[in-house]
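J.: Here's the letter readout for the chains.
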Amino acid sequence: MGSVSSYFGQLCGKEQKGEEERHLRANDRPFNLSYHYANNAIKTSKYNIFTFLPLNLFEQFRRLANAYFLFLMILQVIPQVSSLSWFTTAVPLFLVLSITAVKDANDDINRHKSDKQVNNRMVDVLVDGQLKKEKWMSVQVGDIIKLENNEFVTADLLLLSSSEPLNLVYVETAELDGETNLKVKQALTVTGELGDNIDALAAFNGEVRCEPPNNRLDKFKGILSLSEQTYALDNDKVLLRGCTLRNTEWCFGLVIFGGPDTKLMQNSGKTTFKRTSIDHLMNVLVLCIFGFLASMCTVLAIGNAIWEFKEGSVFTAFLPREQGVDAGLSSFLTFWSYVIVLNTVVPISLYVSVEIIRLGNSFFIDWDRKMYYPKSDTPAQARTTTLNEELGQIKYIFSDKTGTLTQNIMTFNKCSINGKAYGELFDFAGQRVEITEKTEKVDFSWNRLADPKFDFHDHSLVETVKEGNLEAQAFFRLLALCHTVMPEEKKEGELHYQAQSPDEGALVTAARNFGFVFRQRTPESITVMEMGRQVVYELLAVLDFNNVRKRMSVIVRSPEGKLTLFCKGADTIIYERLHPSCNKLMEVTTKHLNEYAGEGLRTLVLAYKDLDESYMDEWKRRHHDASTAMDGREERLDELYEEIEKDLMLLGATAVEDKLQDGVPQTIEQLAKADIKIWVLTGDKQETAENIGYSCNMLREDMKEIFIVAANTAEGVKEELENARRKMCPDSADEPSVVKERAGLFWLQKTETVQDETVHGDYGLIINGHSLAFALEKNLQLELLRTACMCQTVICCRVTPLQKAQVVQLVKKYKQAVTLAIGDGANDVSMIKAAHIGVGISGQEGMQAVLSSDYSFAQFRYLQRLLLVHGRWSYLRMCKFLRYFFYKNFTFTFVHFWYAFFCGFSAQTVYDEWFITVYNLVYTALPVLGMSIFDQDVNDRWSFQYPQLYTPGQLNMYFSKKAFVRCMMHSCYSSLILFFIPWAAIYDTVRDDGKDIADYQSFALLAQTCLLFVVSIQLCLDTHYWTAVNQFFIWGSLAAYFAVTFTMYSNGMFFIFTSAFPFIGTARNSLNQPNVWLTIFLTSLLCILPVVAFRFILILLRPTINDKVRYKMRKEALPAPTPRKLPRRISTRRSGYAFSHSQGYGDLVTSRKFLRPLKSRPALFLQTDSPLAQNQPQHYRTIKEEPEGSQSP
Amino acid sequence: MVKEEREIANRPDNTAFTQQRLPAWQPMLSAGIVIPGFVLIGLAFIGIGVALFVTSRSIQVMELDYTGVENSSPCFRCSDPDVKNCMCQLDFSIPSLFEGPVFFYYGLSNYFQNYRRYGVSKDDDQLSGDLDSFTSPSDTCAPYEFDGNNKPIVPCGSVANSMFNDTFKLYQIINGTRKQVPFDGKGIAWWTDYNVKYRNPSVTPLRNAFNGTVKPLFWPRPAYELDTSDPANNGFINQDFLVWMRRAALPDFRKLYRRITEGDYARGLPAGDYSLEIAYNYPVLSFDGRKKVVLSNVSWMGGKNEFLGIAYLVIGSMCIVMSIVMLIVYAKFKFPEEE
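In order, the protein sequence lines correspond to chains A and B.
Heads up, the first sequence is in this note's numbering, so the first residue is 1 and it goes up one at a time.
Heads up, the second sequence is in this note's numbering, so the first residue is 1 and it goes up one at a time.
To be clear, the hints were calculated from the coordinates, so they are not data collected in a lab.
For every residue, glycine included, the Cβ atom is placed at its ideal position computed from N, Cα and C.
Hints are all accurate, no fakes.
According to the in silico footprint, chain A covers these stretches of chain B (three or more CB under 8 Å from chain A):
hint: 1; region: 11-21
hint: 2; region: 251-264
hint: 3; region: 281-287
hint: 4; region: 298-304
Okay, chain A solo, but in the shape it has when bound:
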């Protein structure tokens, strides 16, 4: 029952009394329970068995249409007003309600299941002095729990102690903020002393006072009081639910926030309900329809008043008035009676049908094998089933980079050593061979420390290294020495590298596989296995990377005492510092570098320099002075670095591939052809982002200009943006042209739209996070939007999750365009939620993005299928459905309106009540559903062939207010025909045996049969794709109509339910008359032929893109898809250099903070303890022999 009260609490806007401070005591459940803090159970479900019916009904009747029909039903039981029996509304309403209820129930059952799954995970909890396995949901605030490596953090915990030295723990926060690098948390020393001493922990009785639950992930404030001492607590000491423990054997934590109070839940709790633009339009239209209905009823009520006054008053001889009813009252009653009769203009089954269609289209997305990724066994998933048609209207795509466009895998792809390029394969004729998955890989089994996941295809490089080529060895030695990677070797021979940037990881891994295994690091030394021989280098200095230097160097002393400086960095930078003797080599290497850069590879140039002892000593002294200097430290260090990093000897260059996902450039090209703008929002550095921009074809050499906005002040940003804009469009106005409009329900919603400005030529814009922060300020955001929208490609780098969302919001707000955000990590969640449609890349570790997304699939390239095929079809189908649905209901209803003028405005229906009841539900339901689920104008291959087919969706061309008005006019015409042709045809006529046929019942049957034929033929005309199912539905519905009609008008039905079926015999008596059939034929053709002629002429005069493609499709077979392997071997000016780690890691690796002294971990790393032991061959174990060794989480 708690859920009910909380639910209604939410409804009434009543908030629970805010918690002001959290106060808890460890190991003291009674004390903590007194505060009634939430325990660790989470609940995302809405109903339980008892609350389902009332709550769900309540929820459903909050929908305007359902409430309206309830109101109608009440009207219908008032005898004075009731113009139709109650069942005409009750039956459809009941059906609609039950279908929705079943769907809601199913959704909720799924939520219950997932809640249950999460709540029933087990964790070690310290209860009564011993560890017990308990379910997550029974964990209480104040409990102490034990976590082990690779476990999810159960709740928000205060870290007490850990297995690691200095009470550190390592956590991965990918689920929370999407950052995949490890974060360090450190417990207080005072609690760290508890260690894993269960008794001590059980006796721990610290009290925590801290902030109330909130959703700020980066802040925490609190105080721990322990034996009359207080300690300040900050974010560093808190483990948040959703993190994963890594590289830490165990840790203990004190539960501070549980379940719904955790920061994870506080962040994800508020899911905004997304609605499509068609939904909004539909609401507006339904409102318009209400207005229209009211005005129709008013007209008829006035008509009734006039009729009553003129005719009814004298017709009283045969139709006496009811007591006290005069013309005025009668017209008032008539108004309501007509509300009932004409209620079908507000289509009750509209919402349900829309849901069914969307569900159907969602299933097609789920079922699509072409969006299924076999490698990770992930099918596409439509997680939200209510947004499909908006997929066909996307105008802007906001994409994350890492993990979305790229695989987030860096591979050492090619290299140039001493002027010789490696990494490519040539066949006997000297032709380049395409490297595929099937290409034979280099066998690294000779190297027991090799990483089995490393692939390389060029055998010659291995041979070169094995032969003992000095340059090649120096090359890999450099790679093994000059970096900031941390090694981790938990088991003998099983190395893991913790690299700050994946590039470095790739390079060090390459060196590892080629026989130069970086094994161990201390602040003063680096241990490398060089071709199976252990060599310990003394590390003298790390000349760290920064953005200006664009290089890093290390100075090491080899065991032989040789001093060497190893340097790697951007080509332009290194080239300036090379010894003149390298000129020749430089030329060759430059050629290679250009090739690599042209392929979008990230390159680094490697160089070395031998140093002599005396110079080094002197330099070291100066270095020491400089690094301890109080002022100008940076400059002095830079000078020193500059001095020593010259006259370098060139070794070669590396090319690392930031592996794009398959088909990304093609997808982007396709989407661009469909006039969709793609903005890349990435947390990466500018260079990386730019590089990816080039490699996935978003930035191209042939672009007129690529603007880079990287100012650090608001003025600077403004100026750069304005300059860019002026360059693109010199005559653009200073002020953006903003169109202010009102839209939405009751036109309450104000919208401002910035008009598109046309620009000739393609431009690109790159803006970094700093500048973006300024540009997103109120006064600059329009400038940003204008400039950005002029560009073909926009790349924002160094963007925070919040900024991602802000950018999306900005476009949403001022462009009134449909946006889609696609990402894979938790840092994309905000943008995924902000955009109209969020797409998550699934099948990877972090699920946060997928969980908050509306659609998910495994590969970026599926986006084109989702949009160009499924989205387009969904939009087309939905629009066709709506147009047809409104048409069929208006046509149906308007006939009553015309009849009113001939029946004294008495709210007499034209059709049989049963027909009214089942018209929408039975006779016309399935054919239109069949069309809206199966219809396709052109098939998927043609959709890809002509991405331009997508543009009508962006312009709302298929369904809009205008289209709606057109529907109404069409209905008006049809209903006029449908009423007046039968009217004229039966006027004063009789059957062929002279008996009556101009009676009401025959007329009703005639009118409804005509109507059904007309709407069915109209549907046939709208259907472009006639599957067997469509045929079956259409013919089936017509057959059902006749079957049902003959049954309902049969003797048997009349005998059983005499008063319910008064139309007995009508079908038999009138459908055997030739003139009835001639009338039906005439009416149908008269309704349809003008439409055919109009459409035909329209196709000739103003063919749409669909018409053209359809025409083409008939004429010719689909051209074979051109092999699209892009030969991107264009020479390039730019430098493809890329480091992606940030400055400062050099200091880190030489400081002690990140290094774990080996001594302190005796329990785990016994065998790695002695470096000598590693030389014993018997300790080596290959991976194959130890299957349980693969510890990947």
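Take the given structure of chain A and dock chain B to it, following the hints.
T.: Chain B in isolation, oriented as in the chain A frame:
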């Protein structure tokens, strides 16, 4: 192998349905279909139109208004509501043979049998012979549910109450003598109405079923005495009653009164002078209604109705015109081959 199966566990089925590759017919509005289609439809319509028009033309109809609005009308005297049991006589002549079988209709205009409150004012249970509904008629019958003494009215309701009660006799005047044209009143109602929908309660004699009930207020005689000449034609299955109860769709309507199928008139009404004797009971002038009698014969397409024929002709020719227009447009704006 097992591993492979597990790996593709989530792979969607490869069926034409799930992959949206169902074989389908994709018609298009092409010139090759639309223009000849219009021509064919046009020709067919003109053909049907001609047939309908000719047929309709061949049907003979004679309408005689006897409301008595004008002073000159022989029934003017009867149109005064205060005059009871008024008889009037309408003379007319038929110039040529009125081919049989001839149907004799009465027609009413501006009469709203299709008014909703009027239309619902009956009790189908009662009319199907349910004795329970005799004693307690459905309240839909209001205001003709009970009479002033709270006795149930049978048959109840406005429709029954307002049953048309003028009667007609047709005489041919041959050499000054009146020869009555025999009327056939059997089988003028729908078979289903007579046999299924309306039934008398299975009580004999029929009048006993009506014990404790009163006749409709307007009726001169109770239901079981509607046809004094034929005891079987009484109660709810009286043919005139059935015809009346089948309420009209439009405010102007005609209802079959009798057929002329017997004796000398089986082949039709010969040319000559006729006289129609009308027992004028039914008041329509108060609401500006009109009464008429109609003599008509029928064809395969029913009664005379020129609308259908003309409509087919007009639309047929419009189709032809349209096809020419489309042909011109097509010739001028042939589908653009390439963008």
